[in-house]
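**Q** The lines below spell out each chain.
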Amino acid sequence: MSRQYDVAIVGAGVVGCAIARQLARYDLRIALIDAAEDVAMGASRANSAIVHAGYDCPPGSVEARMNVLGNALYRQWCDELDVPFKRCGSFVIGFGPEDEKVLQDLYDRGVKNGVPAMTLMPGCEARAMEPALSKDVTMALFAATGGITCPYQMTIACAENARENGAEWLLNHPVTAMRREGDFIEITAGGEEIETRYVVNAAGVFSDEISRMLGDDSFTVRPRKGEYMLLDRKSTCVETVIFQTPSKLGKGILVAPTVDGNMFAGPTAVDMTDKRDTSVTPEGIAQLTAMSKKSVPSIDLRSVITSFAGVRAQPSTGDFIIGASKAEPRLIQAAGICSPGLTSAPAIAGEIARILRASGLEMTEKANYNPIRKAIPEFRNMNNEERAALIEKDPRFGRVICRCETITEGEIVEAIRRGARSLDGVKRRTRAGMGRCQGGFCSPRVMEILSRELNVPMTELTKFGGESKLLVGALKEV
Amino acid sequence: MNKRYDIAVIGGGPAGLAAALEARKNAPDESVLIIERDRELGGILQQCIHNGFGLHFFGEELTGPEYAGRFIAKLEGSGIEVMTDTMVLELSGDRRILAVSAKLGLVEIEAGAVILAMGCRERTRGALNIPGTRPAGVYTAGCAQRLVNMEGFMPGRRVVILGSGDIGLIMARRMTWEGAKVEVVAEIMPFSSGLNRNIVQCLVDNGIPLKFNHTVTNILGRERVEGVTIAEVDPATRQPIPGTDITYECDTLLLSVGLIPENELTQAAGIEIDRVTSGAVVDETRQTSIPGVFACGNVLHVHDLVDNVSDEAMMAGRAAAAYVTYPAPAAAYRNVSGINGVRYTVPQRVSESASGKLDIYFRVGSAYRPATLIVRCGDDVIAKRKKQIMTPGEMEKITVDAAKITGDITLEIEEARPQ
Chain A
1 MSRQYDVAIV
11 GAGVVGCAIA
21 RQLARYDLRI
31 ALIDAAEDVA
41 MGASRANSAI
51 VHAGYDCPPG
61 SVEARMNVLG
71 NALYRQWCDE
81 LDVPFKRCGS
91 FVIGFGPEDE
101 KVLQDLYDRG
111 VKNGVPAMTL
121 MPGCEARAME
131 PALSKDVTMA
141 LFAATGGITC
151 PYQMTIACAE
161 NARENGAEWL
171 LNHPVTAMRR
181 EGDFIEITAG
191 GEEIETRYVV
201 NAAGVFSDEI
211 SRMLGDDSFT
221 VRPRKGEYML
231 LDRKSTCVET
241 VIFQTPSKLG
251 KGILVAPTVD
261 GNMFAGPTAV
271 DMTDKRDTSV
281 TPEGIAQLTA
291 MSKKSVPSID
301 LRSVITSFAG
311 VRAQPSTGDF
321 IIGASKAEPR
331 LIQAAGICSP
341 GLTSAPAIAG
351 EIARILRASG
361 LEMTEKANYN
371 PIRKAIPEFR
381 NMNNEERAAL
391 IEKDPRFGRV
401 ICRCETITEG
411 EIVEAIRRGA
421 RSLDGVKRRT
431 RAGMGRCQGG
441 FCSPRVMEIL
451 SRELNVPMTE
461 LTKFGGESKL
471 LVGALKEV
Chain B
1 MNKRYDIAVI
11 GGGPAGLAAA
21 LEARKNAPDE
31 SVLIIERDRE
41 LGGILQQCIH
51 NGFGLHFFGE
61 ELTGPEYAGR
71 FIAKLEGSGI
81 EVMTDTMVLE
91 LSGDRRILAV
101 SAKLGLVEIE
111 AGAVILAMGC
121 RERTRGALNI
131 PGTRPAGVYT
141 AGCAQRLVNM
151 EGFMPGRRVV
161 ILGSGDIGLI
171 MARRMTWEGA
181 KVEVVAEIMP
191 FSSGLNRNIV
201 QCLVDNGIPL
211 KFNHTVTNIL
221 GRERVEGVTI
231 AEVDPATRQP
241 IPGTDITYEC
251 DTLLLSVGLI
261 PENELTQAAG
271 IEIDRVTSGA
281 VVDETRQTSI
291 PGVFACGNVL
301 HVHDLVDNVS
311 DEAMMAGRAA
321 AAYVTYPAPA
331 AAYRNVSGIN
341 GVRYTVPQRV
351 SESASGKLDI
361 YFRVGSAYRP
371 ATLIVRCGDD
381 VIAKRKKQIM
391 TPGEMEKITV
401 DAAKITGDIT
411 LEIEEARPQ
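Protein sequences, first through last, are from chains A and B. Per our numbering, the first sequence starts with residue 1, numbered consecutively. Per our numbering, the second sequence starts with residue 1, numbered consecutively.
These are calculated hints, taken from the structure and not from any lab test. Only a predicted model underlies this, so the values are computations on that prediction, with no experimental measurement involved. Check each hint, because a few of them may be wrong.
Said to hold, decoys possible - Computed list of lysine-lysine pairs in BS3-like fashion (alpha-carbon distance at most 27 angstroms, straight line):
1) 393(A) x 3(B)
2) 135(A) x 234(A)
3) 393(A) x 103(B)
4) 469(A) x 181(B)
5) 25(B) x 74(B)
6) 181(B) x 476(A)
To be verified - Restraint-style ranges between C-beta atoms, simulated for each label pair:
7) 96(B) x 117(A): 43 to 53 angstroms
8) 245(B) x 239(A): 37 to 47 angstroms
9) 243(B) x 186(A): 48 to 58 angstroms
10) 399(B) x 381(A): 48 to 58 angstroms
11) 28(B) x 460(A): 44 to 54 angstroms
Stated by the list, open to error - Partial list, computed: chain B residues near chain A (C-beta under 7 angstroms):
12) 147
13) 154
14) 226
15) 227
16) 378
Here a beta-carbon is modelled for each residue, glycine too, at the ideal position from N, C-alpha and C.
Turn these sequences into a full structure, and let the hints guide you.
**A** Have a look at this one:
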């Protein structure tokens with residue numbers, strides 16, 4: 001017998017997980033389906049981590065509305081979900097008259113979009129607020145509502161909270177076919193048959209392919225790659241998000257702090273054909289080097305600890321695709337969500353709930369809905385009394401496994417209990433392996449803990465699921 | 001928990017062990033503690049199961065664990081206390097240490113003297129900005145060494161190695177002996193940063209090609225490494241030469257591209273750091289810029305031979321013992337610096353009260369053959385040494401008579417012409 005749900009969400013990125021969390025407050029059977037072995041495995045794991053103010057979306061667009069509303073919802077979502085969020089403010093900087101015109105346009109757009117607390121200021125004022133800015137900056141647009149968060153923590157937190165409230169995770173379940181059967185949609189995913197009354201398409205860069213499975217080919221999604229460089233914590237020299245004036249290909253290369261105290265530069269914007277290509281290129285690195293130095297001349301690029309790339313989903317319509325599909329009314333689109341998708345996710349979640357209700361889904365609030373999710377205890381951020389109390393309760397919080405980021409065995413065990421199945425799964429949930437040695441020391445020990453806690457042989461462990469096996473065999477077997 | 005020790009040694013690898021033993025020997029009435037983050041003492045030596053250790057120090061060839069074992073055995077009955085599985089979280093300028101372990105919880109330690117012996121870490125792929133995908137199968141050589149020698153697993157079957165550091169060379173042989181095929185070792189420089197004996201014994205003897213002036217330009221494979229592209233670089237710019245790429249089908253890329261002293265604690269304590277060595281600035285006793293804090297081993301500067309680490313650690317141990325027994329007033333210093341081909345020196349300064357023969361360790365910036373090293377104090381040449389060859393891969397030493405150091409001194413290569 002096939003599994004039955006009211007809503008099946010295809011795609012466990014930040015949009016899909018936010019929708020799952022929003023819907024989990026109602027008395028619904030919810031499935032969160034993804035092809036990957038973990039949540040946040042697409043664009044949600046590699047992006048700029050910015051909560052945008054909303055001045056660069058075209059006025060009147062869906063993304064403008066979602067961005068401004070999403071930004072306003074962020075504080076509450078992050079408080080409830082125990083996700084780091086810092087409203088540090090953002091600058092768009094201009095170098096000369098041409099850029100200044102663009103800044104004025106952005107300001108005007110922001111006013112039309114309803115963005116609060118924006119200021120256009122001369123370069124010297126901007127440098128007084130952010131001393132790392134280049135002396136060549138002549139004008140800047142400051143938006144006090146701009147902020148930073150952690151995109152994969154946000155995604156994981158939404159998914160955990162949704163699960164806490166009854167939603168089911170169906171990971172390692174690639175959707176291969178869908179068809180309408182009476183009042184239901186039959187989904188074939190990971191070799192299983194799943195029956196659902198509604199499908200929400202939040203499949204990011206693959207959302208056009210998912211849509212086509214139910215006969216809706218009204219849009220396509222192109223992959224646009226963005227490369228990033230991440231710097232060691234000790235080299236952070238900015239307090240705010242710093243954009244250059246945007247171009248046709250996006251919001252430009254930015255330099256920003258992360259909520260974990262690092263600093264990064266990125267993204268590039270390269271249109272691709274391969275939706276899975278997250279390789280880093282010499283051209284990308286060269287571009288990041290030049291552009292980040294233009295914004296922040298003092299940036300210390302010798303302290304880069306890793307570079308990576310993400311692929312954003314650029315919809316052919318030029319705007320987020322949100323609403324019931326005309327071709328299949330039981331298919332609700334949350335498709336083609338490019339930037340500012342991370343910012344918009346809470347607003348998109350609310351929008352999808354309204355659309356489902358309007359489509360005829362009965363939604364009654366659960367009495368026992370719990371909006372609160374607690375993060376894994378972070379030894380590194382505690383004071384000594386808290387640390388001592390935690391170790392007293394569970395001595396594994398006194399054993400440091402990742403020396404660069406000070407991550408304890410207790411945190412790693414808890415991450416596995418919550419769903420980490422791979423080295424990267426542990427890394428995203430705890431930061432073990434994200435520091436300056438990039439897992440050189442802790443990888444073998446994290447693998448040992450994964451093997452022990454999951455009762456899986458070391459040789460079966462992966463970096464991120466699938467065929468990403470870390471070892472090829474025991475000694476004398478090769 | 002609050003504790004007080006006369007001498008606290010951070011790190012129980014070869015440097016920490018030798019420093020602690022020597023400190024105890026010279027100050028038998030003072031309490032000595034070793035704090036080690038791993039589960040066992042010995043540090044990285046425990047995974048270095050090959051031989052070649054101890055030729056200078058013990059006059060015989062030992063494996064890494066044997067070398068460490070000689071020191072660990074001496075701890076028995078020495079009165080030195082050891083905390084293993086214990087991580088130091090903070091070190092303050094007034095020699096207070098905050099450490100944590102599962103067994104002891106948080107431990108605050110007040111120390112009369114501190115010896116820094118935390119060792120080093122490996123430079124990573126990220127630090128080099130190597131392009132390509134991010135699949136499983138990219139390891140630093142030391143991480144792979146731990147997986148093979150300590151955990152008993154093979155990280156791959158077909159291997160490309162970037163960098164000819166000693167660990168990479170050792171792992172080329174180790175992986176070959178365990179049945180893997182090592183396709184090539186690529187080295188971006190025109191010379192190796194590893195020891196010549198390792199190139200011969202690990203690569204030449206196993207028929208593994210070593211390509212100088214080559215680097216990795218791409219990593220292929222989505223989930224697991226499927227190939228690695230290397231290309232020749234222009235020696236002047238270190239940039240890949242178009243059209244010289246070769247792609248090797250393989251499942252593993254090992255990196256042996258340099259070691260970085262782990263001085264996060266040192267820096268947080270406010271100790272002055274040498275930008276070239278990435279270790280503390282020290283005097284001839286290995287005392288750092290904070291009196292009573294000493295540094296030795298790979299946390300101070302990266303050594304080629306553990307034998308030199310032991311010598312240096314004993315020096316630091318003796319100095320720490322002297323510090324807690326007869327605290328001396330702060331000294332005035334003469335600077336020691338490397339110029340004209342000498343990249344760095346250790347020590348970087350010598351106290352005015354120094355006496356006897358002083359060994360100054362240094363590395364050159366490129367290969368010189370033949371090479372004459374000159375030590376000058378003002379206009380006077382106070383020491384001179386000629387060698388057939390000096391390369392960046394081998395740490396050099398020159399002995400200077402302290403009595404001749406009457407001002408700042410410089411080390412340089414005469415008529416420095418790199419080859």
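**Q** Assuming the hint says 44 to 54 angstroms, is it satisfied by the Cβ distance from residue 28(B) to residue 460(A) or not?
**A** Between residue 28(B) and residue 460(A), where Cβ atoms are some 53 angstroms apart, the hint holds.
**Q** Mind checking the CB of residue 154(B) against every CB in chain A and telling me if the closest is under 7 angstroms?
**A** It holds, given that the least Cβ distance between residue 154(B) and chain A is near 4 angstroms, below 7 angstroms.
**Q** Residue 393(A) and residue 3(B): Cα distance at most 27 angstroms?
**A** holds, 23 angstroms
**Q** Has the given pair, residue 135(A) with residue 234(A), been kept, meaning a C-alpha gap of at most 27 angstroms?
**A** Since the Cα atoms of residue 135(A) and residue 234(A) sit roughly 23 angstroms apart, the hinted pair holds (cutoff 27 angstroms).
**Q** Given the hinted pair residue 393(A) and residue 103(B), is their Cα-Cα distance within 27 angstroms?
**A** It holds: about 12 angstroms lies between the C-alpha atoms, which stays within 27 angstroms.
**Q** Once the shortest beta carbon distance from residue 226(B) to chain A is found, is it less than 7 angstroms?
**A** It is violated, given that the least Cβ distance between residue 226(B) and chain A is near 10 angstroms, above 7 angstroms.
**Q** Check whether the Cα positions of residue 25(B) and residue 74(B) lie no farther apart than 27 angstroms.
**A** holds, 11 angstroms
**Q** Starting from residue 469(A), check that the Cα of residue 181(B) is at most 27 angstroms away, please.
**A** Within the cut-off at roughly 18 angstroms; holds.
**Q** Hint check: is the beta carbon of residue 378(B) less than 7 angstroms from a beta carbon of chain A?
**A** violated, 35 angstroms
**Q** Return holds or violated for the Cβ distance of residue 243(B) and residue 186(A) against the range 48 to 58 angstroms.
**A** Given about 54 angstroms between the Cβ atoms, the range holds.
**Q** Is it true that residue 399(B) and residue 381(A) lie within 48 to 58 angstroms of each other by Cβ?
**A** For residue 381(A) against residue 399(B), whose Cβ atoms are near 50 angstroms apart, the range 48 to 58 angstroms holds.
**Q** I want to verify a distance hint. Is the separation of the beta carbons of residue 96(B) and residue 117(A) within 43 to 53 angstroms?
**A** holds, 44 angstroms
The earlier numbered hints that this structure contradicts are 14, 15 and 16.
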